[in-house]
Amino acid sequence: MKEQNIIKVHLEETLAGLEVTPAMQKNLINRIAREYNRYKVRGLRVSKHRKLGLVLTIALLLIAASALAWSLAPSIRTWLEQRMDTNVAPTIQEIQATPVASAEIGDITILVWEAMADEKNFLSNVEFVIRNDAKLVAYSGMKQDLPAPLDDSTVYVGVSSWYGNTDQEIFTSVQESENRVSILSEGWHRGVTDEPMTLVCTTVFVENGQPITETTTISAPVYLAETLETAVLDEPLIFPLTGFELTELHMLRTELRVYWSYTATGKNQPFEYAIRNLELRILDADGEQLPQKLSYGSTIPERLEVRIVDTDTGEVLESIQLTLENGLYTVQ
Amino acid sequence: MISDSIRAARLEQWVEAYGNSILRTCFLYLGDRALAEDAMQDTFVKAWRNMEQFTGRNDSAVKTWIVRIAINTCIDYKRSAWFKHVDCTKAVEDLQSFTQQASAEAMDTTLALMHLPPKLKQVVLLYYYHNMTMAEIAGVLSVNRLTVQRRLKKAYAELQFVPEGGDFR
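Taken in sequence, the protein lines are chains A and B. For this note's numbering, add 5 to where a residue sits in the first sequence, where the first one is 1. For this note's numbering, add 102 to where a residue sits in the second sequence, where the first one is 1.
Do not rely on the hints blindly, as some may be mistaken.
As a list, the in silico DSS-like pairs of lysine-lysine whose alpha-carbon atoms are at most 27 Å apart [as the list claims (entries may be wrong)]:
#	chain 1	residue 1	chain 2	residue 2
1	B	Lys256	A	Lys13
2	A	Lys140	B	Lys221
3	B	Lys255	A	Lys13
4	B	Lys148	B	Lys256
5	B	Lys255	A	Lys125
Source of the hints: derived by calculation from the structure; they are not laboratory data.
Starting from the given sequences, assemble the full structure and let the hints guide the process.
Encoded structure:
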């Protein structure tokens, strides 16, 4: 018997009694249900301490920012004014024209343009530039994601980023041109740290249809994205017919993305509505339901509509329109 | 977008197919039954979150992906400050709690593997226990194939096994 069989047989023999029990499966399902509800019902949870911290941070930031804006050179002040006019989160790329880290693999230069993190997420933006005639194509960095057959005149490139004790990542978008590929990936971390982001860059060169993989690790300093804007509900919204109450609504825009969360109760529901499957939905000005998380670079919506909907029939029972003014959502 | 019912059915299918091997991998890596159960759960929660990425892939790709998540989850656990306080002799007690009729030889192999340094343990688990090829392991661990080969050789030496004709695929 070969070594590998002996080892596997021995391990199976020793670990035979270690199995996923029905109780473990139930726990797993409960955890996933909680996870699902966290996003579906409440969005991002914000604790009271964090809320207080946020308010204080924002107040201090506003004071510091206004003092700084007037003392800065006129050109920078103009830039800030332009940013405020367009109401778009600036990215690191706009602020700096040089990469935060770089590396070389053969004829390929790897440039890290962004390595950012905020309270919850991190993001990396890595560009590969090739100096010969080969074509660059992005892939996930995992062997099974390579196309078949492989093309000898193509170099396949991928990135895996690590930050804040995790490498959980979502491969979000890719931009490809003739000799350049940009890969933007993002993920959740387990707490902001002082440690740099680790980017494992993989390049696959192809010779006679066979892949030759080379990996390089880049350490990039992380830019901690600041909070730029917040918005809250002016006062709780009461839906008189169905007894729903939207008690809290928070929007938070960091340089990285916009987060939102809300808390609603239905404790005062009249009996005839309490027995129906009702749901509170929040929609933007285009009538689209807000996603679990608004995407990178988006802005805080200026108009919202809060609807109470019968999920069985689709009937809208009540609706309230909100507009944003000075960080407060008020009834239109 | 995958509907909730399909997601739930798929997760159930994954837990059914890979749950035991993932749980055992986490135990061999962490040496603590309770932690291994947590890591197994974390693995499937992460897989559930990112299910969209794995729509339409074949079973072996899904398995490789889930194993990759499990290994990374275990690495995260090992890195955490809390883990540094875990009593490593607990592994033996835990093993005895669910091992009923294993031979002394099998116990020795398991304990020897559990005492390997993490990097060597990873490759041994993936190569021997999950029957992955070296190229697949390189993908899972984001290292190159030669590194995998080197680590396997080192692991051989530490486990004091004699390789039979370089059984590398």
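Against the structure, the hints:
Our distance criterion of 27 Å between C-alpha atoms is met by lysine 256 of chain B and lysine 13 of chain A, whose separation comes to about 18 Å. With a C-alpha separation of about 34 Å, the suggested pair lysine 140 of chain A and lysine 221 of chain B falls outside the 27 Å cut-off, and the hint is violated. Distance check on the hinted pair: lysine 255 of chain B and lysine 13 of chain A sit about 17 Å apart at the alpha-carbon level, within 27 Å; holds. For the proposed pair lysine 148 of chain B and lysine 256 of chain B, the alpha carbon gap of about 32 Å is over 27 Å, so the pair is violated.
Restraint check: the Cα-Cα separation between lysine 255 of chain B and lysine 125 of chain A comes to about 40 Å, which exceeds 27 Å; the hinted pair is violated.
The structure fails to meet hints 2, 4, 5 from the earlier list, while all remaining hints are met.
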